[in-house]
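Asks: Here is what each chain is made of, one letter per residue.
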Amino acid sequence: MATALQTAFDNTHPAKTHAETMVVRFAGDSGDGMQLTGGQFTLSTALAGEDFATFPDFPAEIRAPQGTTFGVSAFQINFGAGGIETAGDEPDVLVAMNPAALKVNVGDLRPGGLVIIDSGEFSARNLAKAGYATNPLEDGSLARWQVMAFDISRQTLTAVKAFGLGNKEALRCKNMWTLGLALWMFDRSRAPLIEWLRTKFSKNPHLAEANAAALNAGHAYGETAELDGPLKQFAVDAAEAAPGFYRTVTGGESLALGLVAGAKLAGLPMFFGSYPITPASPILHALARLKEFGVTTFQAEDEIAAIASAIGASYAGSLGVTSSSGPGIALKGEALGLAIITELPLIIVNSQRGGPSTGLPTKTEQSDLYQAVYGRNGDAPLVVLATRSPSDCFEVAIEACRLATQFMTPVMVLTDGYIANAAEPWRVPDMASFEPFPVTFHTELHPEGHINPYQRDPDTLARIWIKPGTPGLTHRIGGIEKGVATGNINYEADNHQAMTDIRRDKVANIARVLPPQTVDQGSECGRLALVGWGSTYGPIRKGVQRARARGLDVAHIHLRHIWPLPANLGDLLRSYDRILVPEMNTGQLKTVLRDQFLVDARPLSKVSGQPFKIAEIEAAIEAALGERA
Amino acid sequence: MNAITTPADWATDQEVRWCPGCGDYAILKAVQRTMPEIGTPPEKTVFVSGIGCSSRFPYYMETYGFHTIHGRAPAVATGIKLANPDLDVWIITGDGDGLSIGGNHMLHLLRRNLDCQVLLFNNEIYGLTKGQYSPTSRVGTRSPSTPFGSVDRPANPCSFALGAGARFIARTIDTAQKALPEILKRAHAHKGTSFVEIFQNCIVYNDAVFDAFTDKKAAADHQLHCEHGQPLVFAKGTKGLAFDAGTMTVSVVDIAEGDTTGIMVHDEYNRILAQLLIDMPFGPFPMALGVIWCSPASTFEAAVVEQNVAASAGKAVDLDALLRRGQSWEIAAKDFHTV
Ligand SMILES: Cc1ncc(C[n+]2csc(CCOP(=O)(O)OP(=O)(O)O)c2C)c(N)n1
Ligand code: SF4
Ligand SMILES: [Mg+2]
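Sequence lines, in order, name chains A and B. Using the working numbering, read the first sequence as starting at 1 and increasing by one per residue. Using the working numbering, read the second sequence as starting at 1 and increasing by one per residue.
FYI, nobody ran anything at the bench for these hints, they're computed from the structure. Please note that the accuracy of each hint is not assured.
[Claimed, not checked] Computed Cβ-Cβ distance ranges for the label pairs, DEER-style:
(1) M431(A) to S312(B): 13 to 21 Å
(2) A189(B) to G378(A): 38 to 46 Å
(3) A310(B) to A162(A): 37 to 45 Å
(4) T518(A) to R17(B): 50 to 58 Å
(5) E195(A) to S159(B): 53 to 61 Å
(6) E61(A) to Q307(B): 27 to 35 Å
(7) E61(A) to S251(B): 49 to 57 Å
(8) T199(A) to A310(B): 20 to 28 Å
[Stated by the list, open to error] Per the computed footprint, the stretches of chain A lying under chain B, defined by three or more beta-carbons under 8 Å from a beta-carbon of chain B, are:
(9) 45-59
(10) 258-265
(11) 464-472
(12) 476-483
Since this is a predicted model, take the numbers as computed values, not measurements. Yeah, the Cβ is synthetic: ideal placement off N, Cα and C, and Gly gets one too.
Please work from the sequences and hints to get the whole structure.
Replies: Below, the structure written as structure tokens:
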């Protein structure tokens, strides 16, 4: 997390149940507007000064058949006092808008947790659609939890009656009613949300007021409901964060902003070629609105054209960027080789999702690491970076721009569906705090004969970058191997050996300029190190924290640079007795670490489409240490 | 500021490596000869190609050049032109490169109308990979991959281009050293994607496929040179094309004593006529050559630039402010306690 958070202060209110942190999950039909409810609840959380992390989890179908379990959409938020790194293992509160949402989600609810249910949706038909043989509200199957069931649908209809909406339209306000109730439960101000509704429905003030009425009614319901029932108010601690300017940010937004910032630090216009795909599209959407920052976006006819156009733009002197998800990255493979052999700067963002093939488009996974590091024909090295959280995307994107332009190389940024959609508070940095890395194009005329476009900096091995349009420096580049000394086509064996070595060394040598790998928690040697990358950062960090609090000897190492790996990483890893690599794949970083350092890295795999739970990490730590004891 | 150039200024020091007698030589010569007349300086000119014998072309032009990957030249060219609309972009492609693996990109290039010139070298064969049939090969083409003759119907490049929304379509022959430069100049002058199909003889794998109209003896009787405002006549003025409004078809009619009454007059702006000229089957009909269709429309890169400018107008370019946009809050320094 971007926030540096301290211990909670006590602001317990006698009438409220006090909690340091709280996990709430809103679940409903994909048509119920749960993502919107969650998003707005997140906003109010941010405004209340609480730390948070969110996990939106929605079905692949845009409008799955109503009431079915596969049409359930959920949004989870973990909020409260400091140090929140994950969206939470188990919800404390579940809001279930229909039987299907209850069925899919209630099993995750903490025993004793509160489930709020819209009983108005529990008709025989809906129960059947969800696959319930008997009504769970009546058959005692929810005994493990505190159940608060009431007819939210009817409450909403009553609340918006004055607005004369049709039944269907009126029921659409249900999510605002629920949000109102949630605002009451966590003692949040309604004003900013009512303001938001008025802006959102500015073309239709009638709807704005109906939704506001629903929101107010939900809030009032909480206030007037029986206080000795399970429904109660919670006082959740606010975070004590470092001073500064904060905003909420999703990974998609933060990555887009980082690219804009990186292009600016390089002094280049940005060209962004992309083809829509879940969960990568938010980056395209965000950049399409930022034309005043020198950004040109191009929705290409396919992923191949997207990367090819970005390569063309880089060739012409812009910073070419392309973005996709696994299946699209697969299509870009051949063109990646072209960018590598022509040594052009290029940034490729992969918002990973479950694979192979179409796989699980809306579920998160980290299974494209092999693809990023190894997935091309020929010896084709490029730089691979990984983001660990929504706010981290900003810095990683800048780092990608820096490495791409300084070393004339493609850089792949691995992020994932979880990071792309999740939101967290971000302490907004000052642009002045970033060192610019301006690009200088080569313009110097060659004394005699022809310029060799593959002429390079002896230190970085980066080749010169000549913009077409520059007088006297016309030259040809392309996918056929070129002569080291001339830049002309060259098929000779020794030359190919030399060029292959240069391409390898150029990327490998980047490790020399990277900061040495640090240990996130724990000491630089010991019994066990957990090595992670990407969005597993949060759960690993928390898991290690808890284990260490219990006195276990475990360290946490988190990698941003996947290729090349930091120069000191091999020695660092060898200083632990055991290495455990938790990954949302079947063990890909584990393989790379074994290959690069001959260390006995062990995998901890999870590919269920859900992030690791802190408890899972803790259990794995115990097992790893126990096994040895 | 444009220094006067000669054809030699447009040739690189690289040895040209096509098979002796390949039609590509003639095209290269015509292009190098025409560039000084076009007048864009070499450093403002970019040749972009895919993969194939034809796609080696950029290595022989003393301009900026990018030999990309199979079929993707239109996409690379789009990025180049959007990044720098001042560059004069030429795309060199083959029948396989442009219509098989790259058919999709060609479609989108044409419909978007990026300002560039496409020279499609149609030899009705895959030259570089040693002679397999291509999407323009005629039914029955025997090749290593179709030893008993190809069975699939070919695509007509100009018809494809017209259907895709091209606004400039011309057709010519590799050896037509008089017509080819004129077409190159017209293609260059046209704002938007200019699609030029060049019948190119692959002497090794598909020799003489176009002889029925390119051969000196056949040319007069089987080539129809389309000139805007002129009657569509051939065979030294003894034959012409007439239109039957009832059946909406064209037919070849004899012309007696130069009387062209009833003969269609070429109109580059008439899309229906273009379709008829492109689609008329060779044999019963002559091969229509020249500028067949030219109807300028606004270009893609101009629209992109225009929108970039319009959308930026009046907006402050303040990155720090951008980062702070959206739902935000501030935590004052006095609230901060260290532990
Ligand atoms: C991805 C990919 N697939 C296949 C090839 C092999 N290949 C190279 S050129 C070519 C066909 C070229 O035909 P055409 O475009 O007509 O060019 P010509 O050689 O006839 O000028 C093929 C199949 C390749 N280079 N790349
Ligand atoms: S194979 Fe055919 S097209 Fe290729 S260079 Fe030889 S003659 Fe020309
Ligand atoms: Mg060919």
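Asks: Evaluate each hint against the coordinates.
Replies: Evaluated hints:
1. Take M431(A) and S312(B): their Cβ atoms lie about 19 Å apart, and the range 13 to 21 Å holds.
2. For A189(B) and G378(A), the hinted distance range of 38 to 46 Å is satisfied, since their beta carbons lie about 42 Å from each other.
3. In this structure the supplied range 37 to 45 Å holds for A310(B) paired with A162(A), their Cβ-Cβ distance being about 43 Å.
4. Look at T518(A) against R17(B): about 54 Å separates their beta carbons, and that is inside 50 to 58 Å.
5. Our hint of 53 to 61 Å for E195(A) and S159(B) holds, since their Cβ atoms are close to 58 Å apart.
6. For E61(A) paired with Q307(B), a C-beta distance near 33 Å keeps the hint of 27 to 35 Å intact.
7. Distance hint for E61(A) and S251(B): a CB-CB separation of about 56 Å, consistent with the stated range 49 to 57 Å.
8. Between T199(A) and A310(B) the CB atoms are about 24 Å apart, so this pair conforms to the stated range of 20 to 28 Å.
9. Here's how the segment 45-59 of chain A fares: 3 of its residues keep a CB closer than 8 Å to some CB of chain B, so the rule of at least three is met and the hint holds.
10. Under a criterion of three residues with beta carbons nearer than 8 Å to beta carbons of chain B, the stated coverage of the segment 258-265 of chain A is upheld, 3 such residues being counted.
11. Coverage of the segment 464-472 of chain A by chain B holds [criterion: at least 3 residues with CB-CB distance below 8 Å; count 6].
12. Judged by the Cβ-Cβ criterion of 8 Å, the segment 476-483 of chain A is covered by chain B as claimed, because 5 of its residues qualify and three suffice.
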